[in-house]
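For the record, the sequence lines run as chains A, G and Z.
The first sequence begins at 0 in numbering that gives the first Met the number 0 and counts up by one.
The second sequence begins at 0 in numbering that gives the first Met the number 0 and counts up by one.
The third sequence begins at 0 in numbering that gives the first Met the number 0 and counts up by one.
Each hint should be verified, as a subset may be incorrect.
What the hints assert, rightly or not - Here are some, though not all, of the chain A residues that point toward chain G, as calculated from beta-carbon distances under 10 Å:
id, residue
1, 127
2, 296
3, 469
Said to hold, decoys possible - Within a straight-line C-alpha distance of at most 30 Å, the following computed DSS-like cross-link-like pairs (lysine-lysine) qualify:
id, chain 1, residue 1, chain 2, residue 2
4, G, 86, A, 319
5, A, 574, Z, 196
6, A, 215, G, 86
7, Z, 306, A, 147
8, Z, 141, A, 147
9, Z, 339, Z, 384
10, Z, 170, Z, 141
These aren't lab readings, by the way, just hints derived from the structure by calculation.
Note that CB positions come from ideal geometry on N, CA and C, so glycine has one too.
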Amino acid sequence: MTDATASAPAAGASWLGKLEGKVSWILLGVAGLLLPLLDDSYIGVIAQRAYIYWVLSAGLNLVVGYAGQIAIGWVSMLTLGAYTTAALTAGTATEPWHPYLALIAGGVVGAVAGLVVGLPALRLRTFYFAMTTLGFATIVTQVALAWKSVTGGGVGTPGPVFPWPFDPGWGFYYFCFILAALATWMTANIASSRFGRALVAIRDAEVAAEASGIAKPKLLMAVFLFAGALGGVAGGLFSSLQSYITPDAFTFEISVLFFIAILIGGRGSILGPALGTIILTALPEFAAPLVQWSTFLYAALLLVIVLVIPGGIADLLDYKNRRPLEQHREIAPRQELLGRLLDKSDAKHTIALKDIALHFGGVRAIDGLDLEIRSGEVQGLIGPNGSGKTTTLNVISGYYAPKSGTLMLDGRSLPFGQPHLRARYRIARTFQTPRLVGAASVLENVMIGGTVHGHASFAEATLALPRNRRDEKLLHEAAMQALATVGLENLAGVRADRLQHSELRFMEIARALMLRPAFLMLDEPAAGLSPEEIRRLGSLIKAISREGTGVLLVEHHADLIFDICDHVTVLNLGKVLAAGTPNEIRSHREVVSAYLGA
Amino acid sequence: MFQSIISYGLAVGAVYALIGITYNVMFSASRVFSFTAGMLGMLGGVLGALFITEWGLPAIVGLVLVLACGAVLGIVTEIVTVRPVLKSIDQHLYVLSTLAFALMIQQLTAIWWGTDARPFPRLIPVGAGWLDQQFWLPMLACAVTIVGLELLYRKTLIGRAFLAIAEDSYAARALGLPETGLRMASYALAGMIGALAGFSGAEILLAFMGNQAILNFYGFVPVALGGMGSNRGAVIGGLALGVFQQAANFLVGGIFAAVAVFAVFIVVLLLRPEGLAGASAARRV
Amino acid sequence: MSIKRRTVLTGSAAGVVSLTSGLAAPAIAQSDPIRIGYLPALTGPSSSTGVGINRGVQLGIDEINAAGGVNGRKLELIVRDTQSEPTKAVNAVAELTQRQKVGVIFGPVNSGEALAATPLIARDKVAMLHPCWVDELIDVKKYPMAFRIAPTNTQVGGGANFYVADVLKLKKAAVISDTTGYGTASVNTYVPMLKAKGVEVVYQGHVDAANPDLKPDMLRMQSAGAQVIMPWSVNAGFLSRILNTRGAMGWDVPVVGQTTLGSGQTKALLEKPENWNKVYSNNFRNCCYENGKLPARAQEFVDRLKKSKIEMGDTLLWWIALGWDGAQMMAQTFKAAGTKSDEIVAYWNKVKDWPGVYGTVTWTPEQHNGFPDREVVMCEVNSLKDGAFNLAPGYSS
């Protein structure tokens, strides 16, 4: 780490998934370890239930809390895991298995089922997906009822009894405890890795996630697989705790409990949902007169959480982010640091658009556009509202597939569509309205931009293997470097939604720089900035282009355009009105009358 | 048997279709799918039985009261669960807020009305066998609703304002249309349609809190198949679902009928997420 | 969804077993209350049986305490509502056995909860008195401390099968259930039993209780030539649909099956009162009118209930009787043998012809199902009066 960043308050700068509040976890762990000293098996049973529910919820938390997928019917994983483990141990379908092997099989079946249930999420909108998970849960229960030879049908089947060392009683208690701790550790690893950041990016800023090269299908599949496996293991433990399982043990109420525990805990947190699970498991035991009201109270709690404290318990615990920020902050970019961030090379690249045409319904958004972006140059793109500037940018970054025309990178055709593949060509961008993960720190937001540079697989991240740690270290250093470059290093640890608008614009640039971009496309970066900030922005952009990056600048501020652009294209009604150097444009008669006005 | 498939299938299908329309009316006004659709259907039956059987009110008074309750619940839904989360519609918080609200109402019903099904009175002792009132009443309700909606949307100013909001709420607001008021009116209308669905189908479905989940799902299937926002799609989808379900009952019976419906639902959605009749939505950059 | 059943000890405490108090009570806790674990389902989807039984249990305990308790000690019920949820039952068992250290547990009433609770209670070596009918709950090898004061499902189905095959002498039966655990298990058990009796099962099926239309299944039964319909479900909506569809089809076939056929909820859902004709539900000989009169013990019990102003209109006599018998059996055991689990079990292993209001109970070390086959009968559901029914026609007395 360099002098530029060494002094920055980077420690504890992330809000996602790291074991926020290490003290709380240590307290929970010690309490769990020492609980058997109470010698009260009743409390033991409640605790085992909470651990088991948490094993499932920990995985589901990645799906619901991080990726934002509304999986209401996740109880199906519990059902599948429970029946698989119980049936294999009992030997109703095969030769009897050893209980521990059967438990692993429960996890495998859960993983496969998680994948199957998750598949629709790739294509379906939220509400549709919620309905399919509910439907799947119903089917699973119906099958358990119908497949009598294996599941015992309505009469059910005995659950497995795990032999020494995790035999019933405190042995089994520690088994549940260890697995819950393991589940916590693994989900925390995922959550604090680039995969966890990618998940929240999909949830809160899907477009920015794609632009950063995050492939949603692959990532979600991995998460569904993982969450399904944890659900299946939880099911196996559940069947042992229950001693006997019947289909009526797997109610919609349990499913709602898992789901609501996570949301009460807070999206994008691990401690919060863990506390939520413990509370919802234990509360009905100690509030016996309220039993028949419990589901009503859960629902009321959910409504209050959604409407009043969307951040849940985690937000309430997050006292650090309630400390006021310094009032008069200044963004002071240090473009001299750019050299460390970008690989300066003399290689010349060109993006060329030829004769691009794109219609929305009957409206011609772009109508025969030619444009080139070259390494080391700033290409300006101006024009009145609706002239097709942002649309052009969206064509290049793959969000729109034009009807005709060609899009070439160094003479090779760039496929239309497929925005998440652009990051591989090192084409980065910012957005007209900043796209950010408000609940994550500024540093984490910037690290999202470097997702494609990681090498560790999802499995390596889950187990925090060395390659993942190396990825994290490099991404962290690069992000601090990028923040220092744009002048935001002092805000690295702050929740991004606390930043001012102008700071978000610079944060987006830092995120884009994480790609070490060959091309950088900026969509009205000066909007909402003060004149002084615009000046600093201008010199930063200029400096970026001098490092060899090709810049496309969409702007309304004519001064900025003419100050820093090497070449300017003027659009009107989707057509090129004029193109040339700033001086040529400034004196272009039509442009002056049509656009520049006075 | 054929007769039974058709009469029962169409009757239940009409209830599904009405719940589908309930989803649609709310969706058109706010781009929100609300879990309260099934709740309204459940309450239509429960409140009808409460007013007519328990309180002994005349059927027509009972119906008016049920519709009024539906309208009030619709408005409450809008104010409590939809309006506060509309600003951040991308976060889909409405799924959670409407689910929470629907669960609360369902639990209240379970506590005060009971968890067992109770009978719904026979309103008009006309018709027998497959012409029985319990078959044609839901179909009549469905026909009245769809014709009424068409007239409302095509012939009245307020109806056109509804359509304008559904097409493009920004533009509608720019034209000076009172978007919030129209949205509340839409939710009140949806509340009445949902309650009517439950009321007209309650002789078959009984006054039962468990109907909420069933109607939520089976009412959503026609929307998913017919394309969201399309009332005609919902009617066709609902009737087809009712007949399909009933035919599956006859042909394969029991448990497998339910599995068949779920399987068809998921497969169709995977192949055509926008529904059999719908168009795919544009991108959102 | 679940099912529950209960048995009872006879009410007249003056009966056979008024042994003098046995061993001297332990020196400690001489006047502490005796704790009884009790796991009813008082809320949740199938709680009406639990509520009925609960009236009997509470009445029995109150009466015993009002009379001075057992050996000077009051009885204290530690009640944990299982809410018809197996998970709640498992938590409750841990509390009763580990924290409250009760010597005996009565319940659970519903099958799913009882199946989960029984192995756990057995593991903790606590005596258990079952009101639940599920056969698997009694197994002297696996659960040596569990006894049943009620009939088994096999006995209940056997009673219905006996009525169909030996009393009505019908040859073709349709057996139908809902898709709950209780329903599917019942059909799977009873069909082979029927076949063994020489009855042809021409239709057999499970239907989702939420399915509003039973016409398809009823038509299939009819075209298969069924002479009797045997429904197994505790869902009043489901059962009433069978009866209403039968009425609408104008099909004059007897219906023989589950006790809920005779419940007030089923009655409320009938389209016309005649749909309740020719419907015979399970009941118990001690709690049925025979020639217009209840057996002497039951009559005495009803008088007692009336005196205590126990509400009878919305429940069934045998539910209350079962709860009351349970309380009496436990009180008598405490008095005769002690309050520790092993003392209780040793005593129960020798109970013979114990005259309950609900049934006459006999246990042996080899057989912990105590209810006699002959006391499981069918009754006419449209004859309900004071929570009891007329014995179905055709039985010899």
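**Asked** Within a Cα-Cα threshold of 30 Å, do residue 141(Z) and residue 147(A) meet the stated pairing?
**Response** Status holds; Cα separation ~22 Å.
**Item:** Hinted contact residue 296(A) with chain G - closest CB pair below 10 Å
**Value:** 9 Å, holds
**Item:** Hinted pair residue 574(A) and residue 196(Z), Cα distance within 30 Å
**Value:** 90 Å, violated
**Prompt:** Does the alpha-carbon distance linking residue 170(Z) and residue 141(Z) stay inside the 30 Å limit?
**Reply:** 38 Å, violated
**Asked** Given the hinted pair residue 215(A) and residue 86(G), is their alpha-carbon gap at most 30 Å?
**Response** Satisfied, since the Cα-Cα distance of roughly 25 Å is no more than 30 Å.
**Prompt:** CA of residue 86(G) to CA of residue 319(A), is that 30 Å or under?
**Reply:** Within the cut-off at roughly 27 Å; holds.
**Prompt:** Hint check: is the beta carbon of residue 469(A) less than 10 Å from a beta carbon of chain G?
**Reply:** Interface hint status for residue 469(A): violated (34 Å vs cutoff 10 Å).
**Request:** Take a quick look at whether residue 306(Z) and residue 147(A) sit within 30 Å of each other, Cα to Cα.
**Result:** Since the Cα atoms of residue 306(Z) and residue 147(A) sit roughly 48 Å apart, the hinted pair is violated (cutoff 30 Å).
**Request:** Return the status of the interface hint for residue 127(A): holds when the least beta-carbon distance to chain G is below 10 Å, violated otherwise.
**Result:** 6 Å, holds
**Request:** Mind checking the alpha carbons of residue 339(Z) and residue 384(Z) for me, to see if they're no more than 30 Å apart?
**Result:** 41 Å, violated
Comparing the model with each earlier hint shows violations of hints 3, 5, 7, 9 and 10; every other hint is respected.
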